[in-house]
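Given the sequences, and given the hints that come with them, work out the whole structure.
Mapping the sequence shown onto my numbering, position 23 (from 1) lands on 23, and the numbers just tick up by one.
Calculated directly from the structure, the hints in this document are not laboratory data.
The model shown is predicted, which means the values in this text are computed figures rather than measured ones.
Careful, some of the hints might be misleading.
[As the list claims (entries may be wrong)] Pair by pair, the computed Cβ-Cβ distance ranges are: (1) Arg38 with Ser73: 48 to 54 Å; (2) Leu47 with Asp13: 49 to 55 Å; (3) Lys5 with Arg42: 51 to 57 Å; (4) Asp65 with Leu93: 16 to 22 Å.
Glycine included, every Cβ here is placed at the ideal spot set by N, Cα and C.
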Amino acid sequence: MEREKKQIDDALDSLNRQIEANQEHQAHLSEEGARVARAVSRVVVALQSQDIIAQITQHLFEGIDRIRTLGRSDPSRLRTLVEMQRDRVSVRLNKCRARARL
Numbered sequence: 001m002e003r004e005k006k007q008i009d010d011a012l013d014s015l016n017r018q019i020e021a022n023q024e025h026q027a028h029l030s031e032e033g034a035r036v037a038r039a040v041s042r043v044v045v046a047l048q049s050q051d052i053i054a055q056i057t058q059h060l061f062e063g064i065d066r067i068r069t070l071g072r073s074d075p076s077r078l079r080t081l082v083e084m085q086r087d088r089v090s091v092r093l094n095k096c097r098a099r100a101r102l
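Below, the structure is given as structure tokens:
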């Protein structure tokens, strides 16, 4: 009887050690998961920012082309067109900066 009790106690001790080890492992995995999630989030923001900058650049070049075309037909409007395009690009850049801060 004493031997059986010792075996049960040993088995319980072993199970308790395994539970403790599993809890430590689970905590480690949770930390790693959170770290990976943060890294993925930073990558997504960087890709979004890159996409926004590409769009801004495209709009800028399209605006320059419009300015060239319209400026040839009506040179007096050239300054107004340049200012409008600058304002458009400025608004888009500010949006990009705001997103990058998130």
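Right, here's what the structure says about each hint:
no. : hint                         : result
1   : Arg38 with Ser73: 48 to 54 Å : holds, 53 Å
2   : Leu47 with Asp13: 49 to 55 Å : holds, 51 Å
3   : Lys5 with Arg42: 51 to 57 Å  : holds, 56 Å
4   : Asp65 with Leu93: 16 to 22 Å : holds, 19 Å
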